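Chemist: Chains as they are written, first to last, in this note's numbering: chain W, 1 to 370; chain H, 1 to 370.
Simulated from the structure, these hints should not be mistaken for lab results.
If you're wondering where the values come from, they're calculated on a predicted model, not measured in any experiment.
Even for Gly, the Cβ is constructed at its ideal location relative to N, Cα and C.
Treat each hint with caution, since some may be false.
To be verified - Where chain W lies over chain H, by a calculated footprint (3+ residues, C-beta under 8 angstroms): (1) 102-111; (2) 250-261; (3) 298-305.
2 protein chains.
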Amino acid sequence: MKISVDRDSFSRCLTRLQGVVEKRNTMPVLANCLIRSGDDKVYLLATDLDITIIDSCPAKVKKPGSVSVNARKLYEIFKELEPGEVELDEPEAQKLVINYQNFVFDLQGINPEEYPLLPSDEGYEYFGIEAEILSEMIDKTIYAAAVEEGRFTLNGIFMEKHEDGKNLRFVATDGHRLALIDREVEGLESLNLEKGVILPKKGMSELDKLIGSVEGKIELGVKENHIALRIGDTLLFMRLVDGEFPEYRRVIPEDNPLKIKISREEFLKSLRKASTLVDEKARSVKLSFKDGKMTIEGRHPSFGIARGECACEFQGEELEIGFNDRYLYDILTTVSGENILMEIKDEMSPVLFKTDDDEKYLCVVMPMRI
Amino acid sequence: MKISVDRDSFSRCLTRLQGVVEKRNTMPVLANCLIRSGDDKVYLLATDLDITIIDSCPAKVKKPGSVSVNARKLYEIFKELEPGEVELDEPEAQKLVINYQNFVFDLQGINPEEYPLLPSDEGYEYFGIEAEILSEMIDKTIYAAAVEEGRFTLNGIFMEKHEDGKNLRFVATDGHRLALIDREVEGLESLNLEKGVILPKKGMSELDKLIGSVEGKIELGVKENHIALRIGDTLLFMRLVDGEFPEYRRVIPEDNPLKIKISREEFLKSLRKASTLVDEKARSVKLSFKDGKMTIEGRHPSFGIARGECACEFQGEELEIGFNDRYLYDILTTVSGENILMEIKDEMSPVLFKTDDDEKYLCVVMPMRI
Numbered sequence: 001m002k003i004s005v006d007r008d009s010f011s012r013c014l015t016r017l018q019g020v021v022e023k024r025n026t027m028p029v030l031a032n033c034l035i036r037s038g039d040d041k042v043y044l045l046a047t048d049l050d051i052t053i054i055d056s057c058p059a060k061v062k063k064p065g066s067v068s069v070n071a072r073k074l075y076e077i078f079k080e081l082e083p084g085e086v087e088l089d090e091p092e093a094q095k096l097v098i099n100y101q102n103f104v105f106d107l108q109g110i111n112p113e114e115y116p117l118l119p120s121d122e123g124y125e126y127f128g129i130e131a132e133i134l135s136e137m138i139d140k141t142i143y144a145a146a147v148e149e150g151r152f153t154l155n156g157i158f159m160e161k162h163e164d165g166k167n168l169r170f171v172a173t174d175g176h177r178l179a180l181i182d183r184e185v186e187g188l189e190s191l192n193l194e195k196g197v198i199l200p201k202k203g204m205s206e207l208d209k210l211i212g213s214v215e216g217k218i219e220l221g222v223k224e225n226h227i228a229l230r231i232g233d234t235l236l237f238m239r240l241v242d243g244e245f246p247e248y249r250r251v252i253p254e255d256n257p258l259k260i261k262i263s264r265e266e267f268l269k270s271l272r273k274a275s276t277l278v279d280e281k282a283r284s285v286k287l288s289f290k291d292g293k294m295t296i297e298g299r300h301p302s303f304g305i306a307r308g309e310c311a312c313e314f315q316g317e318e319l320e321i322g323f324n325d326r327y328l329y330d331i332l333t334t335v336s337g338e339n340i341l342m343e344i345k346d347e348m349s350p351v352l353f354k355t356d357d358d359e360k361y362l363c364v365v366m367p368m369r370i
Numbered sequence: 001m002k003i004s005v006d007r008d009s010f011s012r013c014l015t016r017l018q019g020v021v022e023k024r025n026t027m028p029v030l031a032n033c034l035i036r037s038g039d040d041k042v043y044l045l046a047t048d049l050d051i052t053i054i055d056s057c058p059a060k061v062k063k064p065g066s067v068s069v070n071a072r073k074l075y076e077i078f079k080e081l082e083p084g085e086v087e088l089d090e091p092e093a094q095k096l097v098i099n100y101q102n103f104v105f106d107l108q109g110i111n112p113e114e115y116p117l118l119p120s121d122e123g124y125e126y127f128g129i130e131a132e133i134l135s136e137m138i139d140k141t142i143y144a145a146a147v148e149e150g151r152f153t154l155n156g157i158f159m160e161k162h163e164d165g166k167n168l169r170f171v172a173t174d175g176h177r178l179a180l181i182d183r184e185v186e187g188l189e190s191l192n193l194e195k196g197v198i199l200p201k202k203g204m205s206e207l208d209k210l211i212g213s214v215e216g217k218i219e220l221g222v223k224e225n226h227i228a229l230r231i232g233d234t235l236l237f238m239r240l241v242d243g244e245f246p247e248y249r250r251v252i253p254e255d256n257p258l259k260i261k262i263s264r265e266e267f268l269k270s271l272r273k274a275s276t277l278v279d280e281k282a283r284s285v286k287l288s289f290k291d292g293k294m295t296i297e298g299r300h301p302s303f304g305i306a307r308g309e310c311a312c313e314f315q316g317e318e319l320e321i322g323f324n325d326r327y328l329y330d331i332l333t334t335v336s337g338e339n340i341l342m343e344i345k346d347e348m349s350p351v352l353f354k355t356d357d358d359e360k361y362l363c364v365v366m367p368m369r370i
């Protein structure tokens with residue numbers, strides 16, 4: 001292989017690969033990327049076996065071929081090059097030589113044949129979704145997905161079609177809280193999705209980063225146990241998380257009698273103050289509803305108590321209820337409405353959170369004992 | 001004690017204390033600060049027993065007194081308050097209540113009598129030094145001071161008067177490299193400093209942060225085993241490091257025959273490129289001087305080799321020499337001159353680094369075996 005590329009374009013591709021490349025050294029080959037020449041372009045591929053990214057940028061191809069080298073090192077080298085043309089040469093097998101002005105980087109590669117077999121994008125039926133909508137749906141659910149490796153069906157975002165056939169639905173839960181969003185998407189009927197699928201958290205987080213720089217539509221297709229996404233010139237594949245997503249509908253309370261409306265900004269300010277004195281392990285804040293006010297309290301066993309009030313509208317019985325302060329913080333900083341609506345049954349049962357500007361988004365949080 | 005303060009002024013004081021407060025929980029009281037009312041002001045004090053900071057800001061004093069609470073928590077609380085007047089009240093001993101709009105913070109304190117006895121600023125003869133000069137002297141030496149706890153006489157900056165009586169000198173070394181700076185300072189004769197003293201690295205780093213926001217002169221005085229500094233309204237005390245600073249003059253080579261002049265910017269760019277492929281543990285780069293060029297090389301046992309050239313002027317024999325790349329990086333990013341001057345004897349002996357715009361600054365670096 002012998003090609004020349006523009007430093008900036010190639011460097012941007014390398015940046016996009018970094019999130020996928022495996023950092024834990026389980027299989028050394030997964031720390032590598034694969035560089036493969038095409039027609040007037042070069043492909044850059046990285047995979048952790050579950051998530052695969054295929055990117056490309058223009059290249060002058062003098063001699064076609066492919067080579068596999070450490071992705072992190074290649075990225076670091078390109079970061080240090082100034083803008084301009086860079087030559088990538090493979091003078092002998094498993095060697096990549098980067099010629100740049102008065103510098104030579106002589107990289108040890110591995111046999112590209114040893115690189116894992118990558119998914120192909122053939123056989124997918126793609127449907128287009130606005131980048132902005134997809135990004136919103138990820139942002140408003142991903143924080144509620146689990147981070148533990150143990151319950152792997154919770155380590156992702158569940159995607160399904162709403163019964164109405166018009167809305168796409170994303171749901172995520174870690175067993176203590178849940179976030180659900182519906183968004184109307186044109187042409188949803190062309191999405192091949194009979195039952196819901198679980199999209200891995202790491203992959204969705206990478207997807208969200210890739211969307212950042214894109215306008216217009218993202219192409220999305222599901223086939224067997226994979227989802228494929230086209231984000232501009234970049235292709236992203238994810239292996240779907242195997243297993244059944246929990247019966248989330250049962251967790252969503254429907255007729256919680258105590259209804260509260262509270263300014264999101266005031267709630268957030270008060271929460272941040274109360275959080276200065278929560279116990280770092282338990283992280284519990286106490287909310288009390290009485291006399292048209294919400295009292296919020298953080299209590300640290302050594303340092304003291306922070307307690308304050310917030311005006312709110314509420315209907316129903318007086319109540320005290322405890323929450324993990326970070327769960328509240330995640331909701332209050334993710335949504336955009338002016339007011340937060342809370343629906344509570346009692347201090348033991350799931351609590352519903354909504355905003356007054358979005359009928360199609362909800363969160364459920366389990367209270368904590370206080 | 002009952003006082004009210006302006007949130008912003010008090011918060012700025014709390015920010016300045018944070019670097020001094022002890023993070024390792026060796027003595028719980030050292031995680032606290034002491035708040036003491038004065039005449040129309042409030043003093044804020046923190047110490048780790050070696051370094052003490054005394055700050056103050058205006059206050060309306062309704063009832064004089066003092067109280068000691070966790071410095072980090074107090075800082076976090078003030079960060080969450082909006083601008084305005086804040087009341088600090090001590091309704092009973094060892095309690096600090098912060099009243100702010102609709103919020104109350106009820107902090108558990110300790111008996112201020114238990115707070116360590118703090119140094120007084122009496123008996124010091126102060127002399128003034130321009131903030132800018134003092135900051136430069138710290139920046140250009142502190143990186144060469146040791147970080148290991150073991151050789152504690154190296155964990156600081158050595159300060160002495162130059163023999164000429166006009167220049168103040170700072171020297172730091174970690175045994176592998178050394179940095180020395182002289183600066184002419186008016187009125188140096190008023191500094192009570194017969195022999196040199198070692199100023200602790202942590203304290204000098206805090207001092208450097210405090211200087212950041214100050215214009216004009218810093219007042220500096222040495223008495224017995226302490227140095228006192230007045231930075232605006234802030235007082236900083238440091239216990240001098242006990243012991244003898246090494247005989248640094250012997251380390252500075254005087255007549256190294258091989259003299260090299262090289263553009264600092266080109267050197268730095270080449271170093272950064274070569275550093276992409278150094279061994280992460282050994283961190284060695286190899287410099288070779290031959291045919292009016294410097295070749296620089298980083299070599300990683302698994303990933304490959306980065307090698308490039310830089311134009312340079314040199315007189316003397318051809319030579320290959322190895323350095324820790326971070327030591328070179330520290331010098332090249334700290335100095336400001338256009339060219340770096342290197343003076344080398346051989347690949348085993350200390351190498352002198354200077355810049356062409358500053359006669360009064362030098363570094364010495366021990367080569368590495370290559």
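Chemist: Against each hint, give a clear statement of whether it holds in the structure.
Modeler: Checked hints:
1. For the stretch 102-111 of chain H, the assignment as covered by chain W holds, since 7 residues bring a beta-carbon within under 8 angstroms of that chain's beta-carbons and 3 suffice.
2. Look at the stretch 250-261 of chain H against chain W: 0 of its residues bring a Cβ nearer than 8 angstroms to a Cβ of that chain, fewer than three, so the hint is violated.
3. Chain W is given as covering the stretch 298-305 of chain H, and this holds because 5 residues of the stretch bring a CB closer than 8 angstroms to a CB of that chain, at least three being needed.
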